[in-house]
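Under UniProt numbering, think of the first position of the sequence shown as 1, with each following residue one higher.
Calculated directly from the structure, the hints in this document are not laboratory data.
The calculated label-pair distances, taken between Cβ atoms and stated as ranges, are:
#1 Val78 - Arg121: 24 to 34 Å
#2 Asp36 - Asn90: 30 to 40 Å
#3 Asp107 - Ile13: 35 to 45 Å
#4 Leu119 - Glu58: 37 to 47 Å
#5 Gly63 - Ala124: 36 to 46 Å
Where is the CB? At the ideal position from N, CA and C, for every residue including glycine.
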Amino acid sequence: MYEDDEVVAFLDIRPIARGHTLVIPRVHAARLEDLDPASGAAVFRAGQRIARAMTRSELATDGTNLVLNDGRAAFQTVFHTHLHVLPRWNGDRVRMGIGLVRRRPHDPETTAALIRAGLERLTAEEHQ
Numbered sequence: 001m002y003e004d005d006e007v008v009a010f011l012d013i014r015p016i017a018r019g020h021t022l023v024i025p026r027v028h029a030a031r032l033e034d035l036d037p038a039s040g041a042a043v044f045r046a047g048q049r050i051a052r053a054m055t056r057s058e059l060a061t062d063g064t065n066l067v068l069n070d071g072r073a074a075f076q077t078v079f080h081t082h083l084h085v086l087p088r089w090n091g092d093r094v095r096m097g098i099g100l101v102r103r104r105p106h107d108p109e110t111t112a113a114l115i116r117a118g119l120e121r122l123t124a125e126e127h128q
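Go ahead and model the full structure; you've got the sequences and the hints to work with.
Written out as structure tokens, the structure reads:
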């Protein structure tokens with residue numbers, strides 16, 4: 001349905017909704033961690049473009065979920081990083097899953113500190 005030098009996009013063979021599209025980078029990356037930032041940006045640019053096209057098409061979407069499942073714990077089943085572009089309509093009754101909508105409060109300061117520490121480690125690895 002769509003392709004350029006960096007990505008290919010096609011309809012999901014088991015769609016959650018009409019127009020459910022997958023955007024994949026041409027370069028192989030099993031996990032998000034393996035995907036270079038430029039390729040990741042290309043994937044999301046294409047996803048945004050497709051979402052905008054769905055709004056302007058006869059599908060006349062009211063919204064979009066962009067979903068990237070990274071790793072088995074996140075329900076990744078195909079180990080080539082890809083972005084789901086899931087068209088949405090008001091009242092469509094599509095549910096993303098109980099675990100995604102249930103709020104689980106955690107200490108925000110501690111959680112942010114843990115993530116900052118991970119970012120510092122990542123920066124150190126990148127500069128080695």
